[in-house]
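Chemist: Each chain, letter by letter, is given below.
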Amino acid sequence: MPQVKRSSPEYYAQLKQHFVKILLSAAFIPLILIGGILYYHFSATLKENSLRYVENLVRDHQDEIDGFLSERISNLKALSKSHTMDYLVQGNHLSEVFNILQGEYGTFTELGVIDAAGNHVAYVGPYKLLGKNYKDAPWFKEVMDRGEYVSDVFLGMRRVPHIIMAVKRVENSRTWILRTTLDTAKFSDLVESIRIGKTVDAFIVNTEGILQTRPRSGGNLLEKSDFLPGKYTQGIRLKEKKDELGTRFIYAYTWLQNRNWCLVVKQDLREVYAALRHINYVIIPIFIGGSFFIVFAAIFTTRQLASRIEKTAREKDMLNEQLLQSGKLAAIGELAAGIAHEINNPLAIIGEEAGWMKDLLKKEVLKGSPKVTEFEDSISQIGLQARRCRQITHNLLAFARKLEPKMESFGLNNLIEDVIKLVEREARVNDIIITRNFYHELPPVWTDASQLRQVFLNLVNNAMDAIGRKGEITITTRLGLDSVCAEVADTGHGIAEEDLDKIFLPFFTTKAPGKGTGLGLAISYSVIEKLGGRITVNSAEGKGTTFSVCLPLGRKG
Amino acid sequence: MEGIRLLLVDDEEDFRTTLANRLKKRKMDVTGAGSGSEAIELVRQRPFDVAIVDVKMPGIDGIETLGQIKQISPLLEVIMLTGHASVESGIEGMKLGAYDYLMKPCDFDELLLKVGDAYHRKLVQEERIHQAELKQKGGKTGQAPEER
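Chains as they are written, first to last, in numbering that gives the first Met the number 0: chain Z, 0 to 556; chain L, 0 to 147.
In case anyone wonders, no lab produced these hints; they're calculated from the structure.
Don't take every hint at face value.
[To be verified] BS3-like mimics (lysine-lysine), calculated; alpha carbons at most 30 angstroms apart, straight line:
no., chain 1, residue 1, chain 2, residue 2
1, L, Lys69, Z, Lys529
2, Z, Lys357, L, Lys23
3, L, Lys24, Z, Lys361
4, L, Lys23, Z, Lys361
5, Z, Lys469, Z, Lys501
6, Z, Lys370, L, Lys24
With the hints as constraints, model all of the structure from the sequences given.
Modeler: Here it is in structure tokens:
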């Protein structure tokens, strides 16, 4: 802003821009900060809660599924322990046992007894598996090694998904295996019951990522899932992943007891953030509306402020103009009076000389000379013209006299009050306090009110310029012995000592070029002088300046 | 008009001599003085009837000269010549005892008129003082027998 003059339209445009920028940043920075922080915390909490939720789901269902599987194994074990192979192989015994088992739980499809050589020696179920040899089947080797076995879901020879469950029984010297298959549909139901919310999905995958249950979100049993659990780990793990469509999901997963299967609960993050979206629907319009309001208010108030400042500045400029004008007029008057006065003396001499010549012509000696009348005419003409000139100078002097003080009786306090009223608003804008320290029993002074007003206006304006922003102007009136005095004290930057004796000189100014005429104090000085008073100054650089004006009491004319 | 003892005080010599010549031609006894102090000195030395004093002079100005002349010779009538813009100095002079004032450059006839008036007033004053003195003298002689 420094290069632009205070009165130019660019200055006000820049001022406005500046104001708007400050107002907007003051309004928006905290707003955005608070909004951002709240939004961040809210979404973090929301996500956290959602994670805890799926984690809990996984934990609960892990127990349930583990329980389900281990219960089935236990049933099978108990069965193998409570019956001998011979008993089961005979007649309808196996079928009876299967019915009991089935009647209680209903999740088994078949039951079979296999001897140590891998031969299916007894079988109850819908398939014709009796006599089949399992010697080379992987599950057979496994169960012979480890004593029990739960398979992954697989199709096998029957082309229907199923789970094999088998336990080994060592009966005296004989080893045999009790084998059953589980109904995968019923198992799937158990897992799928984990369905809370629209997008919560639960399924089981094995170490290779093959689906062991049917996920609700698509994909079939025994297909490869897009979720690979990795290696076995203990506890519940969380993972965030995008699918091929770019939708983000949270996965909570844990390994089941058999260490082959991993229970996975998956939730669409969009659902997690649904609450946030709902809030956004409310907040964003409010934010946008609020922003418009703030911008509108900032621009509106700035405009008003700027126009007010502009008006004040214009008024001040006008006042300065008037002051300068009256100063010029006074100078012209002074000049005119000076010239008139200087010309008067030679004019007087010319007049007297012409008169003297006229006197001389009346002498006897010259009478009768033929040229006498011509001389007389010529001399009269000189006298006439001298008188004409005299008229002109007298008019000039009369004009100069008009500029001389018009005296009237006036209260100094009222007069100063008028001046304060003129500048008070501008003072308030610049944070300047004007303190009146009036002596209220002041007698009226015989003075020229309008000129004196200009003097005080000059002094107060100077004081405000000296202060710039934030300060105090104290105006004191007091009664002297034969005078009334007023002091204008400011807390401004003061006057340098070397300038102190120059301040009343015309055209001396310390203000920036174009800002001060350097005539204010000079005019004030001559006005006070003319009014028979005194104006003095007292200043300490950096502390402030005090101007005192004293005017004589009593009528003078 | 004849024989008026006139003191002409003005710092402009040309003006002074010419005006003196014109006044002398009208049978006045004119003495010129170029400054206030010279005028005061002259008034101390010998009597004058009327003085014409320019207000604006270097050194002792017209107003002060007026005051001092009036102190030395109270009956001497003074006419102020103001070359000055304002009538104030003329008025001030009249307050201090001047008979009248004229604005410079003045009309010669007007000046003559005012000189005549001033002289007349001086004569009247002198006459009244003379009468008063006579009364006082008479009073004193009248009172004398009672004392006896």
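Chemist: Taking the hints in turn, state whether each one holds.
Modeler: Structure-based check of each hint:
1. L:Lys69 to Z:Lys529: holds (29 angstroms)
2. Z:Lys357 to L:Lys23: Roughly 14 angstroms separates the two Cα atoms, so the pair holds.
3. L:Lys24 to Z:Lys361: holds (11 angstroms)
4. L:Lys23 to Z:Lys361: holds (14 angstroms)
5. Z:Lys469 to Z:Lys501: holds (27 angstroms)
6. Z:Lys370 to L:Lys24: Measuring from Cα to Cα gives roughly 23 angstroms; hence the hint holds.
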